[in-house]
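Given chain A, work out where chains B, C and D should sit, using these hints.
4 protein chains.
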Amino acid sequence: MSTATAAIEGDGIESGRSQPQINVGVLGATGTVGQRFITLLSNHPWFVLHRLGASPRSAGKKYREAVNWKQANAIPSSVREMMVYECKPEHFSECAIVFSGLDADAAGDIETAFRAADLCVFSNAKNYRRDPNVPLIVPFVNPSHLSIIPQQQSLLSPPLSKGFIVTNANCSTTGIVIPLAALERAFGPLELVLVTTMQAISGAGYPGISSLDILDNVVPHISGEEEKIEWETLKILGGVSESDTGVKSFDMHARHPLRVSASCNRVPVIDGHTECLSVRFARRPPPSPQQVREALAAFTPDAKALGCPSAPRHTITVHEEPDRPQPRLDRSYQDGAGVNVGRVRQCPVLDIKFVVLSNNVSIGAATSSIINAELAVLKGVVPT
Amino acid sequence: MSTATAAIEGDGIESGRSQPQINVGVLGATGTVGQRFITLLSNHPWFVLHRLGASPRSAGKKYREAVNWKQANAIPSSVREMMVYECKPEHFSECAIVFSGLDADAAGDIETAFRAADLCVFSNAKNYRRDPNVPLIVPFVNPSHLSIIPQQQSLLSPPLSKGFIVTNANCSTTGIVIPLAALERAFGPLELVLVTTMQAISGAGYPGISSLDILDNVVPHISGEEEKIEWETLKILGGVSESDTGVKSFDMHARHPLRVSASCNRVPVIDGHTECLSVRFARRPPPSPQQVREALAAFTPDAKALGCPSAPRHTITVHEEPDRPQPRLDRSYQDGAGVNVGRVRQCPVLDIKFVVLSNNVSIGAATSSIINAELAVLKGVVPT
Amino acid sequence: MSTATAAIEGDGIESGRSQPQINVGVLGATGTVGQRFITLLSNHPWFVLHRLGASPRSAGKKYREAVNWKQANAIPSSVREMMVYECKPEHFSECAIVFSGLDADAAGDIETAFRAADLCVFSNAKNYRRDPNVPLIVPFVNPSHLSIIPQQQSLLSPPLSKGFIVTNANCSTTGIVIPLAALERAFGPLELVLVTTMQAISGAGYPGISSLDILDNVVPHISGEEEKIEWETLKILGGVSESDTGVKSFDMHARHPLRVSASCNRVPVIDGHTECLSVRFARRPPPSPQQVREALAAFTPDAKALGCPSAPRHTITVHEEPDRPQPRLDRSYQDGAGVNVGRVRQCPVLDIKFVVLSNNVSIGAATSSIINAELAVLKGVVPT
Amino acid sequence: MSTATAAIEGDGIESGRSQPQINVGVLGATGTVGQRFITLLSNHPWFVLHRLGASPRSAGKKYREAVNWKQANAIPSSVREMMVYECKPEHFSECAIVFSGLDADAAGDIETAFRAADLCVFSNAKNYRRDPNVPLIVPFVNPSHLSIIPQQQSLLSPPLSKGFIVTNANCSTTGIVIPLAALERAFGPLELVLVTTMQAISGAGYPGISSLDILDNVVPHISGEEEKIEWETLKILGGVSESDTGVKSFDMHARHPLRVSASCNRVPVIDGHTECLSVRFARRPPPSPQQVREALAAFTPDAKALGCPSAPRHTITVHEEPDRPQPRLDRSYQDGAGVNVGRVRQCPVLDIKFVVLSNNVSIGAATSSIINAELAVLKGVVPT
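Chains as they are written, first to last, in my numbering: chain A, 1 to 384; chain B, 1 to 384; chain C, 1 to 384; chain D, 1 to 384.
Just so you know, not all the hints are guaranteed correct.
Copies of one chain are not kept apart here, so a pair can be met inside one copy or by any two copies together.
[What the hints assert, rightly or not] Below 16 Å or equal to it, Euclidean Cα-Cα: the simulated EDC-like pairs (lysine to aspartate or glutamate) are: (1) 70 to 321; (2) 70 to 323; (3) 61 to 335; (4) 62 to 90; (5) 248 to 227; (6) 126 to 105; (7) 70 to 191; (8) 62 to 86; (9) 228 to 131; (10) 70 to 244; (11) 162 to 118; (12) 88 to 230; (13) 61 to 294; (14) 248 to 131; (15) 126 to 109; (16) 62 to 302; (17) 162 to 94.
No lab work stands behind these hints, which were simulated from the structure alone.
Next comes chain A alone, as it looks inside the complex (with noise of 0.2 Å):
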C-alpha cells in the first residue's frame, strides 16, 4: 500500500479517513470475466489496476490489441494502451492482490505458481474450491472462512507468510447461497433446497454458447454445474470446525444435514441467471411468506457492515410485483453487485419457493471477487 494517508489501523481500514492505494492484478484480462474485472477496477477507490496477465499469444501487445472487447462501455482509457504480461508471478511482485479470471483449464498451474509465490490470489476459477485448506467465500455470506488462510499457509512447503489463494463460488451458486444465508440466519437451518435455474450465456464465456445452440432454444443441462451448486451450497453455508489437534476443516453444514437438488439450464438471455427455488426449513412450523420477504429485505452482511466499498446498498432486493425480477430490468441494478429476489409464496411441496436473479458477471463472478479482496484487506488478511 503506497499512501502516505492510509488509514488501516488495527486489522482494518478505517472508514472517513482517505483511502489507500494497492497495486492489484487481473489474470486472465483478456476473457469475459477479466474484462468485467478491468471494467469495475477501473474506478476502484482502493486498487489500482496495475498489471495484466494473458496467454502467451497476448504478451506484449497493448491490452486494446490484445482483447476482443465485449462489454458495452468502453475499454478503460487508463487501461486501452497498457502492456499485457504473461502469467508469470515474477511480472506481479509489485502486486499486492491478483484478481483470477482465467479458465480452469489454465487457473490451476497458474494460481499454484502464484500462490507459490507468496502471492495472495482471489480467484474465479473452479479449480481451488473443493480444496479442504481453500475458503470459499460468498462476500455477504461465510466470511469468516478466511480463518482458514492460516492453516492454508503452513501446510504449504515450504510454508507461505502472505500468499494464499481464496476461490469465490460459481455463479449460480452464489445467487441462491445469498438469500439461503439470508434465511438462515433468521429462521435457522434449512433442511431441502431444490433449484432450477435458467442461465445466461454469458456464464458460458467467450465465444461459449453457439448461437445455433440457443436462439430460439433451451438448453436443459450445463455441464458440471448442477454437482457445483450442490456441493458449494453445502461449504458455503458451512461452518468451519476444529479438530482437538486445532486443525480445522469446512463442515458442509454437517449439524444440519441440508439436501440441494439443482436443474441446470441456458437459456437466451445475455446476462442474469434466473433461479427457482424451493426450500423446507428444520423449524416448524415454518415462517410464512411475508416473514421470509422481511428477513430477506432485512438481511445485512457483515461485509457491508464492514465497509467494503464494491458491496451495494441493499444486499437483497425484494420485489413486490408479480413478475418480478427479470434479468433484463433487474441485472443491472446497483451495477449487478446485489441479489434480487421475488414471487415468495408458498410451496405445497416443501415451504416456501421463491424466485432469484442475480447477475453472474458481477456479483456472480468479478464483483465478488473485488468485495472478498475488500473484505481480506479490512480484516488484515492481505498484507498492505
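Same frame as chain A, now just chains B, C and D:
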C-alpha cells in the same frame, strides 16, 4: 357421417375398412390455436373441415382475408376461400364435432350455447375445465373420464341426448401429466411433484407477449398458470368415483393424496415448453433412473391402441444424450404429437428428476383436442 | 425560470455561471418515449420535472402506479410519487417547456391545444412534422430552422407571443441526417442517398411488436417509415427560403435536388437502429473513404458549441474495426446521445457506403427533443 | 447407375419411366451443410447415399456417433448406422457423384484430389468458384455454363474423361441472382444492383457465431461476403464467350457492364437470408413494379422444364402482402427450394426496389448442389 362405406360397428371404428368422413367445425378459427386446428384438420383422414367460426368482425369474409396467418406452412388451399361465420350454433348444425380454440373471455358463453344446441364440443379453453361434470382429458392419460358425459347430459335442463363439452388441459399441464401417468402406471402412485416450467411465447397467443418483454429476458410469472398445473394434474391423474346414489365425481387423486408445486416462467422460445420435474413415489424404495427410463419409453396409451389416427407412434421419447430434449431440435418430432423426456436422474431432495419437452401448440393444444375427438368417435360417444 | 442566480443574459445562457432552473412537463409520461424523457430529465442540470401528463385512466394516480416501467434503470426516486395529470394545458401552466412523447393518434389535438394555450411544445410525435411553419429539428443539424417560429406564432389566430411547436425527426431519420449533414458541410451537396435500415423493436413502443412476429425473424416493412425518411431528410437538410413578401418556407433541399430511397426492416434488437447507406455527392471526383472518415469524426455541431448540456462530446464516433458499430456494444456510448459510423468504404454503384448506428430511444427520440429545448433556451426562443 | 430399368436415353432421363438409382457420396458429412445434404438425399428419388466422408477424427465411427446433429428433424434412419470414412477418393470410387459440404480450409486439396481421381464433384465450397474453367452454377439461372466442363477436363494433366468440379454460389448470392436473372430475361440487361443483406446465423456453420455476438444485436460485417456477391453475380449472370481459337471463358457480364454493391449484415435469425435490393435497368423507361412482379412470378427456369426432381414448383414466389416475405414464415415453403420476393416498388434512386428471402441452407447451399447434379445427370454430363 356421410359415407356409404362407413366402418362403425358397435361402439367403435373397425380399422382396415374405409375411413369415416365426419364434418367438423372450428370456433376461433382465426386465432393461434385455431390456425393450428386448421393446419392439422386439413389433412385429417376422418374429419372434414366444414365450418369456420370467428368473431363478428371476421364473419362474412373469406378465411384468407380474415386471418393473420402466422404458421410456417401456408394456409391449406382447401381453406383459403372458405367463408368465416359467426360463432352461432345454427351455422354449425351440420357439424358432428366442433373444436373450440376460442379465448377464455369468449369461450364460456359460446361453448355453453353450442352444447345447449346439442353439439359435441371439444374445447381447448379453460372455462369448463373445473366443471364437475366436464371431463378434462389428456388423450394418452385419462380417456376413461369420458364416462362422465351421460351425467353431464342428464343434469342439463332440458337434458341433452347428443351434445356435450370435453376439454383438454392447459398446455403446460399436458406435457407433464403424460409422463406422470406413465410413472404411476408402472410404479404406483406419486406423492409429490415439483415442476419448474420454461414456456414458449406461442402459449400466450397472438399478439400475446410483447417482444420488449421477452427478448434477452425471462419473465418468472404466467398469470394463473401455476394454479392450473397444480389443480388440473389432480383432476387428470385422479379417478372417477361413484356415490351410493350413482352420482359420479372426479376424485382429484384422493385415494393417494398428491401435492403438486409449479413455478412458471416465460422464455424467448417460439414453440415448445421445457419443464424440469422432481417427483417422489409412494413406493419405497423408489424406482431407479433406469427403471424410470424404461417405463417411460414403454408407455403405450389406450388411445394409440384404439387407433386414433393423430396419436404419435412413440408417446414418450426418452433421450439419452445429456443435453436433450431441446425445444428447437425436438418439438417437431412426430409433428409435435408426442412428449420428450430426458435427463432422468436421481434427485437429492425427492426421488427422481427429469426434463420434459412438449409442443405446446400441438399435443399441448389442438392435437389433444383432435385426439380426444378421435377417441370419442372410436368409443361411440360422438353420434356419427 | 425560478432562480435568483439565473445566468441568462441577452438571448442565451452564459456558461460558467449558475445553472438556470426551468420547470418542464412531459406528455405521454407513461409510454416508452415518456419513460425515456423521465430518465433523462431526472438528472438534468437545467430542467426540473414539474408535471407529468398521461391518459385519463392514468390521471390521478401516482406515477409508479400508473406506469408499466420498462427501463433497465429504476424509476427515478424523485418521480415515483409524482401525481399524473390529464394532458390538459391548465395543468401545465407553470411549465416553461412541455415535452411530448405522445402517440400519433393523441398527439395532434393535444399539442394543438397546448400551443394554443401559449405553451412551448417540443414534440417527438410525427403529427406536426410536415407543417410548413413547424421546424423539424435534428439538434446537430438544422438549429437555424428555429427561425420559422415567429412566423408560426404570427399565423395563428389569435397570434401567439410565446407558444409554439418544435418537432424532432423520426428515429431512423435522425440517425442518418447527422452524418449526411456532416458530409454536406465538408464536401458540398449530396445527390443520392440509398439507405436500408435494421430497426430495433423499441422504436415501435410498448407493447409494439409481438414477440411472435420478431423472434428468429426479420419484418421487411415498417408502416410509413420509408416515406418519413425520404421526406424528412429533405426538410432537415434543406434550407429556409424567404419570398419577396418575407414569407419563409422550407426549401426541401431544392437548390440541389436530392433523392433519397429507404428500405426499412425490423430486426430482433432491443435498442439501436443500424442503417446501411450509400451516397453520391454532386462534387466530382467524390471524396475518398479516408476523407469521409475524417470529416465525420471532425464534425462539430453548433449545438455543442453553444453548450447544450445534453449534447455528447463526440457527435459522430467513427469506428475503424471492420465489424463495428454494433447495437449491443455501441448504443450506450455517451448515453446514446451521439451517432456511430463505421465501415466507410467505396460503393461500386454510388460513391461511398457506410454503416450508421444510432440509439433510437436516445438521440433518436427523447434526447433530441431535450437538446432542441436546450438550444431554444440558449437562443432565447423559450421565454425564461 | 445400377438399375435394370434405367430410363436414360440419349443425353438425359426420360420422365415417365422408372427412376435411375445413382450412388452418391457426401464430403464434410458431419458439418452443417453436410447434415442438410444428408437430410435432402435420404429421400431423393434418384440419388442413393452410398458413402459419407468427414475428418480423420470422425472416420471409422458410425454417423450417429460422429455427428453433432443440429437439424430439427431426426437423423434419417438409413444413415444413422452408416460408417464415416476419411475424405479420400479411394473410398468414393463407387460414387457417380460426390457432394462437397467441406469448409473452405479443407475443400481445396480434397476436391482437387477427388477430381484428379476422375470423380464428379458438386461443391458448396468457395475454393473453386473463381477458377476460370469451373462453372459456378445457380440451378435456375445458368445451367448453360456446364458447357465449360470439357475444357476443364482437357486442360488438366493428365486430361480427365469423367471427373470435374462444379460449384454453386455463395448463399447470399444465390438468393439474389435468381430474381435478377428473371429480370434480365424479361427486360434486358441490368446496369446497377445495390443490395443490403440480413443474413441468418446458420450461414456461418457450426459453432459459427457466438451467441454473445448476435443476441440482441446486428453485426454489420461478414468477412469476404460482399466481395463474393459483387464478383459471383457477374460470373453467374454473364455468358460464356469463345475465342477464335475455341477457348471458352466466362465474360463477367461484359457485353453490358454491370456494377454490384453489397452491404452484408448478420442478424439473429436461424435460417433464411433477407436481402433488400435496388436495381437499375439499361432499358429506358424501366419496367413498372407491376411488370416486374409479373415477370418474377412467371419465371420458369430450364432446370424445372427439364424435370429436376428437387426443383420447386414455383421458382419465385411473389408476395403481395406489404410485410412479406419473412424468414420465419416463408423460409420453409417448398422445402426452401424456391426464392421469395416481396415489396416490389419504385426506387427513388435507381429504378425498382424489392426484398428477397431465400433459405440459405436449402437453395442457398445443399439444394443448389443437388439440383446442379440432377441437371448434370439430365444433360448427360455425369456418366451414369
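Right, here's what the structure says about each hint:
1. 70 to 321: Answer is between: at 13 Å across copies they meet the 16 Å cutoff, but 32 Å inside does not.
2. 70 to 323: The answer is between: 12 Å across copies meets 16 Å, while 30 Å in one copy does not.
3. 61 to 335: neither (30 Å within a copy, 30 Å between copies)
4. 62 to 90: neither (19 Å within a copy, 50 Å between copies)
5. 248 to 227: Neither: 24 Å inside a copy, 48 Å across copies.
6. 126 to 105: within (10 Å within a copy, 36 Å between copies)
7. 70 to 191: neither (41 Å within a copy, 38 Å between copies)
8. 62 to 86: within (12 Å within a copy, 43 Å between copies)
9. 228 to 131: Answer is within; shortest intra-copy Cα gap is 13 Å, inter-copy 46 Å.
10. 70 to 244: Answer is neither; intra-copy 52 Å and inter-copy 58 Å both fail.
11. 162 to 118: within (5 Å within a copy, 71 Å between copies)
12. 88 to 230: Neither: 34 Å inside a chain and 49 Å across chains, both beyond 16 Å.
13. 61 to 294: For residue 61 and residue 294, neither the intra-copy (51 Å) nor the inter-copy (27 Å) Cα distance is at most 16 Å.
14. 248 to 131: within (13 Å within a copy, 62 Å between copies)
15. 126 to 109: Classified as within: same-chain Cα gap 12 Å, cross-chain 42 Å, threshold 16 Å.
16. 62 to 302: neither (39 Å within a copy, 36 Å between copies)
17. 162 to 94: within (13 Å within a copy, 65 Å between copies)
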